[in-house]
Amino acid sequence: MGDGPPRWGWFTEANNTWIGRLYIATGFAFFLGAGLLAVLMRIQLARPNNTFLAEATYNQFFTMHGTVMMFLFAVPIGEAFAMTLLPSMTGTRDMPFPWLSSFGFWCYAIGGVLVFSSLSFGIAPDGGWFMYPPLTGPTYSPGVNTDVWVLGLGFVEIATLAAAIEFIVGLLKTRAPGMTLANMPIFAWYMLVTAGMIMIGMPAVIAADLLLELERAFGWPFFDATRGGDPLLWQHLFWIFGHPEVYIIFLPAAGIVSMALPTFACTRLVGYSWVVMGAVSVGFLSFGLWVHHMFTTGLPLMSLSFFSAASIAISIPMGVQVFAWLATLWDGKPVLRTPMLFVLGFLSIFTIGGLTGVMVASVPFDWQVHDSHFVVAHLHYVLIGGMVFPIFAALYYWTPMVTKRLMSERLGRWAFGLMFIGFNGAFLPMHVTGLLGMPRRVYTYDASLGVNGLNMSSTIFTFILGAGVLVVLVDFIRHLRSGPRVGDNPWNAPSLEWLSADADYGFRSLPLITSRYPLWEQPNVLQEAREGGGYLPDAPTLERESLLTSPITGQPEQILRLPGPGWTPFVSAAMTAIFFTGLTLRLAVISVTSGAVALMFLMSWMWRLDRAYPKGLADAGRGLGLPLYLNDNRSVGWWAMVVLIITDASLTLSIAFAYLFLWTAKPAIWPPDGSQMPGIIEPFVLLGLTAGAYLLFEGAERFNRRDRRFSVGICLAGTAILASVAIAIGSAWPGSLGINPTRHSYGAAVWTTPRVDCRSRCNWRSDGYLVRGAARSADARLVAMRNVAGLSALVALHSGRHGAGACACRRVSICISITSPACKARRSQGEA
Amino acid sequence: MYFDNVAGVQSEAQPGRGVICRLLDPAFGFFVWAGHFLLVYITEAVACQLGLAFRGERVHSGLLTMLAIVTVLAAAVVLAHGFRRWKQRGQAGDRGFLIRLTVGDDALAALAILWQFLPLFMVPVCR
Numbered sequence: 000m001g002d003g004p005p006r007w008g009w010f011t012e013a014n015n016t017w018i019g020r021l022y023i024a025t026g027f028a029f030f031l032g033a034g035l036l037a038v039l040m041r042i043q044l045a046r047p048n049n050t051f052l053a054e055a056t057y058n059q060f061f062t063m064h065g066t067v068m069m070f071l072f073a074v075p076i077g078e079a080f081a082m083t084l085l086p087s088m089t090g091t092r093d094m095p096f097p098w099l100s101s102f103g104f105w106c107y108a109i110g111g112v113l114v115f116s117s118l119s120f121g122i123a124p125d126g127g128w129f130m131y132p133p134l135t136g137p138t139y140s141p142g143v144n145t146d147v148w149v150l151g152l153g154f155v156e157i158a159t160l161a162a163a164i165e166f167i168v169g170l171l172k173t174r175a176p177g178m179t180l181a182n183m184p185i186f187a188w189y190m191l192v193t194a195g196m197i198m199i200g201m202p203a204v205i206a207a208d209l210l211l212e213l214e215r216a217f218g219w220p221f222f223d224a225t226r227g228g229d230p231l232l233w234q235h236l237f238w239i240f241g242h243p244e245v246y247i248i249f250l251p252a253a254g255i256v257s258m259a260l261p262t263f264a265c266t267r268l269v270g271y272s273w274v275v276m277g278a279v280s281v282g283f284l285s286f287g288l289w290v291h292h293m294f295t296t297g298l299p300l301m302s303l304s305f306f307s308a309a310s311i312a313i314s315i316p317m318g319v320q321v322f323a324w325l326a327t328l329w330d331g332k333p334v335l336r337t338p339m340l341f342v343l344g345f346l347s348i349f350t351i352g353g354l355t356g357v358m359v360a361s362v363p364f365d366w367q368v369h370d371s372h373f374v375v376a377h378l379h380y381v382l383i384g385g386m387v388f389p390i391f392a393a394l395y396y397w398t399p400m401v402t403k404r405l406m407s408e409r410l411g412r413w414a415f416g417l418m419f420i421g422f423n424g425a426f427l428p429m430h431v432t433g434l435l436g437m438p439r440r441v442y443t444y445d446a447s448l449g450v451n452g453l454n455m456s457s458t459i460f461t462f463i464l465g466a467g468v469l470v471v472l473v474d475f476i477r478h479l480r481s482g483p484r485v486g487d488n489p490w491n492a493p494s495l496e497w498l499s500a501d502a503d504y505g506f507r508s509l510p511l512i513t514s515r516y517p518l519w520e521q522p523n524v525l526q527e528a529r530e531g532g533g534y535l536p537d538a539p540t541l542e543r544e545s546l547l548t549s550p551i552t553g554q555p556e557q558i559l560r561l562p563g564p565g566w567t568p569f570v571s572a573a574m575t576a577i578f579f580t581g582l583t584l585r586l587a588v589i590s591v592t593s594g595a596v597a598l599m600f601l602m603s604w605m606w607r608l609d610r611a612y613p614k615g616l617a618d619a620g621r622g623l624g625l626p627l628y629l630n631d632n633r634s635v636g637w638w639a640m641v642v643l644i645i646t647d648a649s650l651t652l653s654i655a656f657a658y659l660f661l662w663t664a665k666p667a668i669w670p671p672d673g674s675q676m677p678g679i680i681e682p683f684v685l686l687g688l689t690a691g692a693y694l695l696f697e698g699a700e701r702f703n704r705r706d707r708r709f710s711v712g713i714c715l716a717g718t719a720i721l722a723s724v725a726i727a728i729g730s731a732w733p734g735s736l737g738i739n740p741t742r743h744s745y746g747a748a749v750w751t752t753p754r755v756d757c758r759s760r761c762n763w764r765s766d767g768y769l770v771r772g773a774a775r776s777a778d779a780r781l782v783a784m785r786n787v788a789g790l791s792a793l794v795a796l797h798s799g800r801h802g803a804g805a806c807a808c809r810r811v812s813i814c815i816s817i818t819s820p821a822c823k824a825r826r827s828q829g830e831a
Numbered sequence: 000m001y002f003d004n005v006a007g008v009q010s011e012a013q014p015g016r017g018v019i020c021r022l023l024d025p026a027f028g029f030f031v032w033a034g035h036f037l038l039v040y041i042t043e044a045v046a047c048q049l050g051l052a053f054r055g056e057r058v059h060s061g062l063l064t065m066l067a068i069v070t071v072l073a074a075a076v077v078l079a080h081g082f083r084r085w086k087q088r089g090q091a092g093d094r095g096f097l098i099r100l101t102v103g104d105d106a107l108a109a110l111a112i113l114w115q116f117l118p119l120f121m122v123p124v125c126r
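Line order of the protein sequences matches chains A and B. Counting with numbering that gives the first Met the number 0, you get residues 0 to 831 for the letters of the first sequence. Counting with numbering that gives the first Met the number 0, you get residues 0 to 126 for the letters of the second sequence.
Simulated from the structure, these hints should not be mistaken for lab results. Even glycine gets a Cβ: it sits at the ideal position worked out from N, Cα and C. Careful, some of the hints might be misleading.
[Said to hold, decoys possible] Now the stretches of chain A that chain B is said to cover, found in silico as 3 or more residues with beta-carbon under 8 Å:
| no. | segment |
| --- | --- |
| 1 | 267-277 |
| 2 | 283-295 |
| 3 | 309-319 |
| 4 | 549-562 |
| 5 | 654-667 |
Can you build the whole structure from these sequences, using the hints too?
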């Protein structure tokens, strides 16, 4: 392993290669914790009417097991491997927003530990990992258990979105020179699709969290059927994210398999284009499946059938991928090393899970087995087969790249054997116990059910599965000291990451990539990377740098300057975590204090972004001169903001969906008695004010380009006045119509929809224009304080560090940046 | 431009113009699929709440016919897009890869759209 950062560098280091390693270690720690909960639950279920765990404890255990496995292990661990590997795999020094990755990681780690530790205090969530209301509403869950779940998920949302932004922008804009989309490593394709799915899907569950907390904290009845709400709204919003999440978990694992197979089969991946096509198809089709988790909720038959059809349709691209893997095995001469064993285990187990998936995609069959142990067996075959086995394959495969030592082949085979036998022995019988009627999430069962022997068998094999995991753990610890040392590429792999083995970052000098399998097909690539024969042989700015390239052909465009180590991401994340935890536990003093510190550090982060950049071109190596700053749609800031706008749009659509759903669910009482419909005058007044504010914004933008500061100020002041009047009138308006957010779901929906929409629009336009305009007219850094609350601000401002800030987003008309006289200099330089 | 002479690197045609459109072109079919899926799902939900399915056989048939026409149109648009790209096949390198990707994704998306015919003809509305 590289030397790693110095003592405090664990907290301050900010490059994706290092952060990815921390992510992997943390993810496995959560995996072990959640696995221990599973073992304890299986002990409880070993015998009928067992009293090993109390009912309430069991409820907390299965909720935490599912929550931790899904949100703190399964989703982050794929991102963790990607964060570690992608910079090297795509031939760059680092991806564009390492501070954002660091912030996301520390939010995840600290938030995850806080949530997991709730078990120790008896306040762990207990409503199941998908937390259906009304069970989790204020009536049936009056304690903080549900709030703890929302808190934990909030941190995961921050971390996951941060990683998604990093991957999308990084994979499109910081690949090696010449690495076209057609030559991109297949793992990078899978991660690109995964990140896109997070960008679209994650906001739905954010919206669900938001509505649940509004109901719990303020009594807005979105899910309360007695006041016009509908618990099914939660299920829709949760599964709009929750089902794609299955593929968000699976696709990185499929990418791992697609990388390891060619290495051990000693041949190229068969059907690369087909596999990419399959991944893209799965990414889209997975959004049409969410209702197949809701087949028993009484939705109209035709609606169910639409989703059933989509559920079956997705088996085509999934099948394409499986056949491509099998064809690769057929085409090559497979070498059965430990990673390959785990890949083969994945193929067999996941295929069984896929087949039972086709079974439960059939509506009548699902009615029979819903909420039974059959579904428990199915989902574990999909997730352990489809994700855990590939992750262990990845651990054995890529560990030598990081530590320069091999893990034991003998222990690896033992681990695989124990895990494979243990897994099948534990979960195969659950298909039968489920069909015999054993319900899931029930802490015990009666002996008369006739499943005693099968349950005891499952428990015994669970221990065998756990023993396999422990063997891996022992092997990993052992290999750090006594594992045999190996060279740079012990598996003779074809992909680029093996060239940067032992480095704490991606590449020193960036090689020109012209092949999909550069280590097999480009004899000079090693020399270019190691001996400075590629691009960026030095650091012309004496700072951390990487190369910005075009998204399709990998054409060099800019020398990207990257931030170095710093305390800001860690402290900001820690204080943010404590702030929200304090709010959840109603610890006002702690919450306010930590919130203030977080705000201070975030402000400090922003304050330092806007530095003057030297003019002219810098030497990028190989006789190429590139600018240090870009301010158009080639800049990473522009791309990050596009991703955020799509995320914001998805959030707004989720809230709009909530409104529409509640309306269609309760049309007879929508709107309820006592709520007046609006007249004609107020809507036109509001429309006029909004249109006026918009036009003034546009005017400010045009004056801004001509550097007419006074006019910009006038336009922005006018905008602020019109917008304030519109907000004041709009806020008072529903109340004057008798629309009360706590009386009926109609009022709650009416009050929520425009506010979320307004927040999004603020991010899209208002903040950007106001801040930019203020920046141009005066040194108004304090204006940027408004943005510190949101992740979107962090991304935008962080991107500003890399030269995309104040002037970057002209076409999209968003830009959250701050100020400085240097902006003008940058602008003229960039446009030159 | 300053990077025109980078040896060994394909030039990106029209840098900065329509890059997102070109990046998303392979997924065109699935955008249509998503729009069609939402349209038929929401139309059915709203029609049921408005009671259209119970206002006589003509209204009921009309609703189904409209959904069927929308389905055929959506599939036709996707197939036409795929066919247009198919005619551009044979190009080497990155362009050829993106065309193959587009045609394959369009074919799958058209299949997924046509798959929605089954519920329309086999399952009663609003039951």
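Each hint, compared with the structure:
no. : hint    : result
1   : 267-277 : holds (count 4)
2   : 283-295 : holds (count 4)
3   : 309-319 : holds (count 5)
4   : 549-562 : holds (count 8)
5   : 654-667 : holds (count 4)
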